[in-house]
Amino acid sequence: MPRDSNDSLFEGELRECSGRVFVDSAPEFCPPEFGLVNYSEVDVILISNYLCMTALPYITEHTGFHGIVYATEPTLQIGKLFMEEMLQYIERTPQYKKSSRWKQSDVLKLLPPMLSDSFKPQTWKQCFTAKDLHNCLAKIQAVGFVEKRVGNSK
Numbered sequence: 000m001p002r003d004s005n006d007s008l009f010e011g012e013l014r015e016c017s018g019r020v021f022v023d024s025a026p027e028f029c030p031p032e033f034g035l036v037n038y039s040e041v042d043v044i045l046i047s048n049y050l051c052m053t054a055l056p057y058i059t060e061h062t063g064f065h066g067i068v069y070a071t072e073p074t075l076q077i078g079k080l081f082m083e084e085m086l087q088y089i090e091r092t093p094q095y096k097k098s099s100r101w102k103q104s105d106v107l108k109l110l111p112p113m114l115s116d117s118f119k120p121q122t123w124k125q126c127f128t129a130k131d132l133h134n135c136l137a138k139i140q141a142v143g144f145v146e147k148r149v150g151n152s153k
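Here the sequence shown stands for residues 0 to 153, where the numbers follow numbering that gives the first Met the number 0.
Check before you lean on any hint, since a few could be wrong.
Below 25 Å or equal to it, Euclidean Cα-Cα: the simulated SDA-like pairs (lysine to any residue) are [to be verified]:
id, residue 1, residue 2
1, K138, E83
2, K79, R91
3, K108, P26
4, K79, N48
5, K97, I67
6, K79, F21
7, K79, Q125
8, K138, V43
9, K79, G11
10, K147, E83
11, K138, I67
12, K130, V142
13, K138, K97
14, K79, K102
15, K119, S39
16, K119, T62
For each label pair, taking beta carbons as the anchor points, the in silico distance ranges come out as [claimed, not checked]:
id, residue 1, residue 2, range
17, L80, K147, 24 to 34 Å
18, S104, Q76, 21 to 31 Å
19, R19, K119, 13 to 23 Å
20, P73, S17, 30 to 40 Å
21, V41, W123, 21 to 31 Å
22, N37, F81, 26 to 36 Å
23, E90, A137, 27 to 37 Å
24, K130, G18, 37 to 47 Å
25, L80, G143, 41 to 51 Å
26, L50, F21, 32 to 42 Å
27, F144, R100, 45 to 55 Å
28, F144, S17, 15 to 25 Å
For the record, the hints were derived by calculation from the structure and aren't laboratory data.
What you are looking at is a predicted structure, and each value in this text was computed from that prediction instead of being measured.
Backbone N, C-alpha and C fix where the C-beta goes; we use that ideal spot for every residue, glycine too.
Please construct the entire structure, taking both the sequences and the accompanying hints into account.
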């Protein structure tokens with residue numbers, strides 16, 4: 000815990016284990032910056048690797064995106080397995096409370112670097128739902144590695 004902090008300020012939100020500080024809360028994720036891109040104007044998203052797919056449910060289900068999503072079959076299958084496994088893990092280990100005091104800028108600066116250097120924790124969101132994931136995966140079109148597509152072929 001931060002040495003110059005008031006313990007009651009962090010009570011119930013932060014835990015220390017082996018000299019590291021952890022947030023005791025349901026997992027949260029840093030979604031794409033929605034203000035930078037108007038997703039309703041995006042025609043195509045190309046997924047280059049399975050790790051890039053983790054933000055897709057936030058985009059396809061919670062913005063105005065109506066375009067096409069392309070990914071190779073291996074990327075699609077590995078990404079699907081990865082996200083389903085992540086969702087199952089989060090559902091198996093429920094954490095009912097959501098900590099938010101640690102995200103306040105005056106508190107955040109008191110925390111160790113791993114937490115204080117976090118990228119905009121106020122914008123983090125809970126994990127997508129199984130329904131979001133299913134709907135998102137249904138919007139992905141598999142393409143071959145060197146396959147060429149012409150125009151907007153829905």
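Of the hints given before, which are not true for this structure? 5, 6, 9, 10, 13, 14, 18, 23, 25, 26 and 28
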